[in-house]
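Quick note, the sequences are listed as chains A and B, same order. With the first letter of the first sequence counted as 1, position 234 gets the number 234 in our numbering; the numbers rise by one all the way through. With the first letter of the second sequence counted as 1, position 240 gets the number 240 in our numbering; the numbers rise by one all the way through.
Careful, some of the hints might be misleading.
Said to hold, decoys possible - Distance ranges between label pairs, derived from CB positions:
no.	chain 1	residue 1	chain 2	residue 2	range
1	A	A350	B	A40	30 to 38 Å
2	B	R93	A	Q69	53 to 61 Å
3	A	R304	B	D127	32 to 40 Å
4	A	L128	B	A71	36 to 44 Å
5	B	P64	A	G94	49 to 57 Å
6	B	A40	A	A308	52 to 60 Å
Unchecked claim - Straight-line distance between alpha carbons at most 20 Å, and here's what the computed EDC-like set of lysine to aspartate or glutamate pairs gives:
no.	chain 1	residue 1	chain 2	residue 2
7	B	K43	A	D206
8	B	K75	B	D121
9	A	K273	A	D121
10	B	K283	B	D201
11	A	K267	A	E318
12	A	K43	B	D206
Derived from the structure by calculation, the hints contain no laboratory data. A virtual CB, placed ideally from N, CA and C, is assigned to each residue, including glycine.
Protein chains: 2
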Amino acid sequence: MPSALPALADQVAGCPTYVQDYLAACATRIDAEIAQVLEAEVKDPWLRGAITYHFGWAGADFVPLPAAQRAAGGKRLRPALALLCYECARVNRGGAGAEDEIAIAFATALELVHNYSLIHDDIQDRDLLRRGRPTVWSVYGQAQAINVGNCLHAAGFAACRGRGRATGGNVLVGELIASLATASLEMTWGQRRDLMFETLDDVTVDMYLQMIAGKTAALIACATYGGALLAYADPSAHQPLPAYAEFGCQLGMGFQIRDDILGIWGKETQTGKARGGDIRRRKKSLPVLLALQEASPGARARLRALYAMTTDLTSDQERKVRSILDECGAQALAQRHADLHSRRALSALARAAGRPEARRENPFFGALEQLTGLATTRTG
Amino acid sequence: MPSALPALADQVAGCPTYVQDYLAACATRIDAEIAQVLEAEVKDPWLRGAITYHFGWAGADFVPLPAAQRAAGGKRLRPALALLCYECARVNRGGAGAEDEIAIAFATALELVHNYSLIHDDIQDRDLLRRGRPTVWSVYGQAQAINVGNCLHAAGFAACRGRGRATGGNVLVGELIASLATASLEMTWGQRRDLMFETLDDVTVDMYLQMIAGKTAALIACATYGGALLAYADPSAHQPLPAYAEFGCQLGMGFQIRDDILGIWGKETQTGKARGGDIRRRKKSLPVLLALQEASPGARARLRALYAMTTDLTSDQERKVRSILDECGAQALAQRHADLHSRRALSALARAAGRPEARRENPFFGALEQLTGLATTRTG
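Next comes chain A alone, as it looks inside the complex (with noise of 0.2 Å):
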């Protein structure tokens, strides 16, 4: 089977453990393709030296660290996702239509523009640690911060080229970018949403789920389509690209859902976040507004009286909140939520791959079944 990434399909075949191995190779790959972007888009150094210390590559004065220093970077989900439907379409097309290159541009994209909302978000949530590590904002000042976030959403769409840059070109980079733009969109929707939620006394499950369909599973949903897209390399109603793209979105709602409950209830060491430190903030996640719906009426009124507060919770409020969600089973009640989109992410994912003999040759399809199923059961 040739591959536009062989020594990860090597990983997957046959592997008892291989998406796990997968997500690694393709961390490692990701990573080196995102350096060699930011070598060849971003042409000043100030600005390369300040994504590479967000990145966990450069200290904050910008000398590389030594690779056993190099902080844990991101899990380099979404391009993992892209790499991976397009190898699964292109395996159910007959493995014609290969666009190497391009699927490994756009997969960096999708990289780079996840992180230019990282490097807003803590701006905008004043968040001092990311992966344990001060924050671009912190380390440089807001105003520089702003700046370099911009860069990287530019550097996100100037990539989808590729590295060969091939203009007078191809049709489908067009299509990648317009649908990459339109995911940086919905981002910004979810994202005014969340920061809204800030202030607002009575979100509900709903006005949260319409949140997260934003702010986190609009990219996942490009990664998943635009991977597709360029093993069909023609986006015409025929094709299984729109269910594709609902396995994306499905995936990524149950994924940061796990997130929340992740965010309450993680181990520290597994997650690299603080313990509570959503509580801490009366970040209104998924398993708190499952609380205020469920719980009987005096344990409601009292977390709604800790989450009106206009300053962190005390350690002390931090445990009141905890035993309220507790007693009233929410980390149950939210992983239901979180399964219930796994589920949905499976059911778009084999209408996407087509009738079962050929999902059961195709060894990516498999692959992304795994990863649908650790993306709401993983611990960290």
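Could you slot chain B onto chain A? The hints should help.
Just chain B, lined up with the frame of chain A:
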């Protein structure tokens, strides 16, 4: 002569004040297009409202303002340049290859990207007013304002496709978006330098010119290049596209230098900006840098000391700076720089527009010449 924009083209032909008329007609047309793009691309009513407020078409409560109460908008220089270059190149190559809808879409995208940068600039500079109205961040808070800017940035990329959203589509659209991404990247390099100049003592004229090449000229060069590209329909090297890009770059440099001059000597009623604001905020604009080079040693030391302050200058200190600038003829020195770039722009434009007889018969060439003069001699 068939034209993409009959109403605008009519006003160009044979009207003695035609550039101003063209600019006014273009602004009306582009503003209508921006409104339609926002309706189509920005589905979130809150974000659309905040953007509408920024453009001066609605109050802070999103209620549309009657036409008479609408704030005077920007000049829409970038869209006008893109459309004029499109028309100029189209006439030159014989009127064929018209891509009218995409030309309008691209012109609109340029204005969206320009305005994203204004919204973020105001946050970074802590500016409270723009065109006499409270800035977006001072109305909706900084976190939401960052997001409003990001929304416009993404909307710019999304808008390039045009409202028809022809997929499977136009190779030129991919090339336009790529050039917009590159310009947007260059803008962040310029902005990085501009922000750094605030705390840097030894800013040289060369450093300043590099800064405005990114911050201002890159997007204007993208406008002139992209407009011409649409007319030539093929970004190959044998066409006058590099000359169109150079024209925009030089015009952009001249435009920004004139802006610096108006920021010190302009009339408040004509510029819409507080007189002396640039001096009070100790902005290292070109006239100041030239004075630091050219003034007598004593005056230079006094100027340096005033600009080393860490707070805004008082009215008295502003007067002192002004007299140092006037004594060494900083306005004329800066204008000489503006004129130099204006001449270079005209020379690049002549190269772009072909042989003299072709230029004489091309009304859009004349309009672009006029606009170049206007950019560096305007009073508001």
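Evaluation of the provided hints:
1. A:A350 with B:A40: 30 to 38 Å: holds, 33 Å
2. B:R93 with A:Q69: 53 to 61 Å: holds, 58 Å
3. A:R304 with B:D127: 32 to 40 Å: holds, 39 Å
4. A:L128 with B:A71: 36 to 44 Å: Taking Cβ atoms as reference, A:L128 and B:A71 lie about 38 Å apart, which means the hint holds.
5. B:P64 with A:G94: 49 to 57 Å: Cβ of B:P64 to Cβ of A:G94: about 55 Å, so the range 49 to 57 Å holds.
6. B:A40 with A:A308: 52 to 60 Å: Taking Cβ atoms as reference, B:A40 and A:A308 lie about 39 Å apart, which means the hint is violated.
7. B:K43 with A:D206: holds, 17 Å
8. B:K75 with B:D121: holds, 18 Å
9. A:K273 with A:D121: Measuring from Cα to Cα gives roughly 15 Å; hence the hint holds.
10. B:K283 with B:D201: Within the cut-off at roughly 12 Å; holds.
11. A:K267 with A:E318: Within the cut-off at roughly 16 Å; holds.
12. A:K43 with B:D206: Holds, because 17 Å separates the two Cα atoms, which is no more than 20 Å.
Hint compliance for this structure: hint 6 alone is broken.
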